[in-house]
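**Q** Next come the chains, spelled out residue by residue.
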Amino acid sequence: MEARRGWRAVPKVRQVGFFTPNEPPPPARTQSGPPDSNSPPLSNSPAGNSLSPVMIPPPRHLSDNLAHRATSPLPVPETSAFRRPIPGGDRVAVVGSYNPTDSMLGASPPLTSPSSRIGDGEFSEESSPGWFRRSNSAKFASSFPGGGFDLTSIKSSETLEVEVKKPVEVPEKSGVAGAELQTESQSSSKPLKAKTTKAERRALQESQRAAKAAAKGEATGKPAISSEGAATSKPVKQQPSRKKDALPAATSVAASDRKGVDRPPEKERKKEVPPPRMQFDDKNRVEKAKKRAVVNQTEARNRVELFRHLPQYERGSQLPDLESKFFLLDPMHPAVYKVGLQYLAGDISGGNARCIAMLQAFQEVIKDYSTPPEKSLTRDLTAKVGSYVSFLIECRPLSMSMGNAIRFLKNRIAKLPLSLSESEAKESLCSDINRFINEKIVLADKVIVRHAASKVRDGDVLLTYGSSCVVEMILLYAHELGKQFRVVIVDSRPKLEGQALLRRLVAKGLNCTYTHINAVSYIMHEVTRVFLGASSVLSNGTVYSRVGTACVAMVAHAFRVPVLICCEAYKFHERVQLDSICSNELGDPDAIAKASGRMDVNYVDNLANKENLQLLNLMYDATPLEYISMIVTDYGMIPPTSVPVIVREYRREHLWI
Amino acid sequence: MPDVQALVNDFLNKLKKRKIEGSQATSRQTAELLRSVISQQRVPYNNQAGALIDAVKAVGEQLIAANPVELAVGNIVRRVLHIIREEDLSLTTAAMAGLNLSAVSDDEDDEERDDLPVLSAAVVAAAARSTLRPPSLQTLLEDMPDSAAIPHTSSSGGDSEGKSKSADKSSRSRKLKHDVIEAVNELIQDITTCHEQIAEQAVEHIHQNEVILTLGSSRTVLEFLCAAKEKKRSFRVFVAEGAPRYQGHLLAKELVARGLQTTLITDSAVFAMISRVNMVIVGAHAVMANGGVIAPVGLNMVALAAQKHAVPFVVLAGSHKLCPLYPHNPEVLLNELRSPSELLDFGEFSDCLDFRSVTGSPLLHVVNPTFDYVPPSLLVCSSLTRCLELRWKENVDGEILEILAQFITSC
Chain A
3 MEARRGWRAV PKVRQVGFFT PNEPPPPART QSGPPDSNSP PLSNSPAGNS LSPVMIPPPR
63 HLSDNLAHRA TSPLPVPETS AFRRPIPGGD RVAVVGSYNP TDSMLGASPP LTSPSSRIGD
123 GEFSEESSPG WFRRSNSAKF ASSFPGGGFD LTSIKSSETL EVEVKKPVEV PEKSGVAGAE
183 LQTESQSSSK PLKAKTTKAE RRALQESQRA AKAAAKGEAT GKPAISSEGA ATSKPVKQQP
243 SRKKDALPAA TSVAASDRKG VDRPPEKERK KEVPPPRMQF DDKNRVEKAK KRAVVNQTEA
303 RNRVELFRHL PQYERGSQLP DLESKFFLLD PMHPAVYKVG LQYLAGDISG GNARCIAMLQ
363 AFQEVIKDYS TPPEKSLTRD LTAKVGSYVS FLIECRPLSM SMGNAIRFLK NRIAKLPLSL
423 SESEAKESLC SDINRFINEK IVLADKVIVR HAASKVRDGD VLLTYGSSCV VEMILLYAHE
483 LGKQFRVVIV DSRPKLEGQA LLRRLVAKGL NCTYTHINAV SYIMHEVTRV FLGASSVLSN
543 GTVYSRVGTA CVAMVAHAFR VPVLICCEAY KFHERVQLDS ICSNELGDPD AIAKASGRMD
603 VNYVDNLANK ENLQLLNLMY DATPLEYISM IVTDYGMIPP TSVPVIVREY RREHLWI
Chain B
518 MPDVQALVND FLNKLKKRKI EGSQATSRQT AELLRSVISQ QRVPYNNQAG ALIDAVKAVG
578 EQLIAANPVE LAVGNIVRRV LHIIREEDLS LTTAAMAGLN LSAVSDDEDD EERDDLPVLS
638 AAVVAAAARS TLRPPSLQTL LEDMPDSAAI PHTSSSGGDS EGKSKSADKS SRSRKLKHDV
698 IEAVNELIQD ITTCHEQIAE QAVEHIHQNE VILTLGSSRT VLEFLCAAKE KKRSFRVFVA
758 EGAPRYQGHL LAKELVARGL QTTLITDSAV FAMISRVNMV IVGAHAVMAN GGVIAPVGLN
818 MVALAAQKHA VPFVVLAGSH KLCPLYPHNP EVLLNELRSP SELLDFGEFS DCLDFRSVTG
878 SPLLHVVNPT FDYVPPSLLV CSSLTRCLEL RWKENVDGEI LEILAQFITS C
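Line by line, the protein sequences give chains A and B. Counting in the working numbering, the first sequence runs from 3 upward without gaps. Counting in the working numbering, the second sequence runs from 518 upward without gaps.
If you are wondering where the hints come from, they were derived from the structure by calculation, not from laboratory data. Since this is a predicted model, take the numbers as computed values, not measurements. A portion of the hints provided could be inaccurate.
[Claimed, not checked] So these bits of chain B aren't anywhere near chain A, every CB distance computed over 12 Å:
1. Gln522
2. Lys531
3. Gly539
4. Leu598
5. Glu727
6. Arg775
7. His845
[Unchecked claim] Here are the in silico distance ranges between beta carbons for each label pair:
8. A:Gln281 with B:Arg775: 50 to 58 Å
9. A:Ala502 with B:Arg793: 27 to 35 Å
10. B:Thr710 with A:His311: 40 to 48 Å
[To be verified] In silico DSS-like cross-links for lysine-lysine, where the CA-CA straight-line distance does not exceed 27 Å:
11. B:Lys749 with A:Lys612
12. A:Lys596 with B:Lys536
13. B:Lys746 with A:Lys612
14. A:Lys612 with B:Lys748
Just so you know, even glycine gets a beta-carbon here, dropped at the ideal spot from N, CA and C.
Construct all of the structure, not just a fragment, from the sequences and the given hints.
**A** Structure, rendered in structure tokens:
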């Protein structure tokens, strides 16, 4: 009965109505999916989609369900009672192992037990049953108050899944539904008709989502569920992507399957939480990664002690090496290869530019893609994208915005309706990518520029640091609006990105002042606003940005000058970071030794090999929340404390795309 | 005298052209120049101290005007003036003690009290004035021009014990100059050895495995760190390069040559790294009377970051950097803008920098200041700064505040 209490705790009544019980489920959801294509989609769930298994109801449903809500409100507490009738309706007691689930459900009569599973089965009728079921059980788990109870239930449901999925998926890989698959799917499809559970399930799902959102704040706080989830999800996330590039696709898929199966279903949810990154002080992992690597990296000799956990490589050797391998690297798509080289050479920099370049390369990949025989598009393409991503990571560590974009893409691939033909699927993916670029980057920038330009007044002195493309657009837009203001560009070594910005702004006729970062407290007296770009905004309000941003924000704060961070919402990330050391990126140390354009500065040139001299070229730093007055994003202007809201809402909306 | 003038002009030129780098070199050379000025100065029979002071003041004013930002020059001029007054005072009191058989006392106040029954009040006041030591605000106000008061002293003194005093004076004049030059030599000695004296304390402040951050290059810091290294402390140093002069590279090179574990970082990474740093040790350009520090550019940022992370911020400064002035708008008034060529290549942006452009003002300004002002509030919260500095002062010449007070009143 504990379970029932759990049910009762479900707060969100209003979303209960999402599922009209009498709607014909399969076609509605999947657009076109014929019922017999149901079983394959199971495969999507484990490896491919890293996103939360929240449903995507088409818009029609929304209205539908509104209407429905009006007519039949489903009070949450009643759900269990509501559920009771169902069992009568379903007739299948499929597998013995299902029983644990019903104990979890708490409605003890054996009859009820099938219902839950039936629910799963029923969903599996729809396009992407795998993740649905996942979400279901996960939801159960988290909605239960008792941790211990939870765990066992998770375990059981997980074993359940193992059993169900294995038979389903293995044949599915071969693209043909085997006989046993057929039977399986039948068994699972029968319960289909028990529609009433949907509402409950929906409610559960909602509650779970809420719980998750709450739990996200505490991150690792919950010992029982979430920490475990995080712990196991870490190998899961990394291994598949790593493995895929080395192993033949089939085995990799199988491997990832296994992975997907043996983790508690709730992991699926947790999957959204980014996996911990590769720690480069872990010898074994590094060795393994090296074997798989396409790019030959030689470790820097003078590694900075404090940053052993980050990759520190010798520069300059990889590029020629990779270039020579251009025609040898069979599996690598040339577009991806090109982008990788550009990352490596530093030709493309800046969060948006890198992200767009990567997405466009993936678009090329998708256009040129053809499903190999005996494989399904979703899995194979996911694997391929994974291998490309790991190649790009070798070229240069991903920014968080790129991570978000990749998550989006993988999610889209995973959720491709199976009914689509290959060309249609490719078409839809390409348009998805286009839409992402347009909506999340191009349009978002426009909105940000509008917002931020409203904060520029005549006579202002605006300070910016480095070169952020959004800030540049803001400045130009405000200039176009005819506002009279002055720009202070603060720059720092080694990249001196500000000079390029200065060149562009001066060419447009803006009145500029150029200085270096040490002089920022000298110039800050006259500044009235500080506009800064960001590489990522983390959910504790920390802004992760080009190194030096924190210094500028700190000085501005000390001089009581408002600091505005301009950042698109797709760069928001639920990770939390406290300092700039735990995760960062190291640039080329040689850039430190030589001052560009300054021939007289060459003191340490010949000392580069001395072992007690280390050159540290940090790329990013973390600006604490208190230095930031406002974050300008495409959702409007928010205080840095509201970042988690955007992260949550964004993810939801992100899924609905 | 002409050769002295030539020396002065030479030094003035150097100052104006900013040929002399660093406060230590500047102050040493200033002291040496003043020494030669004093030794060349012909002293009149009466009031030699006044003559010396006038000469030093004349030269000092020129020197200060030549480079108003180099506060060390002014500091040294004041110190020399102070020395002259001290020496004159001690000579006068000695002479008076000789005249006045009744009492021999070291202390000035006691002596004056002892003098009272013998000498008239006017004479005592005049004597006090003739020492050019301003004992109180009242005497300062009473007669501002020292030179005007002094003839009066000798004349008034003349009627009672004129004979013996004048006989005494010829030896006294030579003695005064000699003593002053001796004292200036000591000062020069102090300045040249200030690094060692500061470095002696290094071991007391650096412990094993300490992580130290510094920015730019300062000889004092270098000596300080090396002294600790010589005492077998092992620690690591983060050196911020200190754009746009990149003196940090130089410091890093020196430190590496002496076997210290050194990491060179960009200035922008200071905030990122400071959370892992135990102590910030930097040099200064000058220490102002309010406790604020004029320091190489970028240090305000470092001090703010240190404050944010509660890292002790230690400023090492020799005594010649103690300045009795109170800073007013020091970021602007006590600063110097260097050439934009250190930041930008002229070729590329020169047309934008041109003042003859259409609007009459250039589209592009380049700001390249030399110094930063670190307000005392940032230093106070990292109290080791003042503490270390004060302690160092105690070792060398007494209380810092007293010295500052003397400087202020004596100029």
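**Q** Hint by hint, note whether the structure agrees.
**A** Structure-based check of all given hints:
1. Gln522: 36 Å, holds
2. Lys531: Lys531 of chain B clear of chain A: closest Cβ-Cβ about 21 Å, beyond 12 Å.
3. Gly539: 17 Å, holds
4. Leu598: 33 Å, holds
5. Glu727: At roughly 14 Å from the nearest Cβ of chain A, Glu727 of chain B sits farther out than 12 Å, so the non-interface label holds.
6. Arg775: 10 Å, violated
7. His845: Given that every Cβ of chain A is farther than 12 Å from that of His845 of chain B, nearest at about 14 Å, it holds.
8. A:Gln281 with B:Arg775: 50 to 58 Å: 34 Å, violated
9. A:Ala502 with B:Arg793: 27 to 35 Å: 32 Å, holds
10. B:Thr710 with A:His311: 40 to 48 Å: Check passed, 45 Å falls within 40 to 48 Å.
11. B:Lys749 with A:Lys612: Holds. Lys749 of chain B to Lys612 of chain A sits at ~20 Å (cutoff 27 Å).
12. A:Lys596 with B:Lys536: 26 Å, holds
13. B:Lys746 with A:Lys612: Since the Cα atoms of Lys746 of chain B and Lys612 of chain A sit roughly 18 Å apart, the hinted pair holds (cutoff 27 Å).
14. A:Lys612 with B:Lys748: Given pair Lys612 of chain A, Lys748 of chain B holds - Cα atoms ~22 Å apart, limit 27 Å.
Violated hints for the displayed structure, listed by number in ascending order: 6 and 8.
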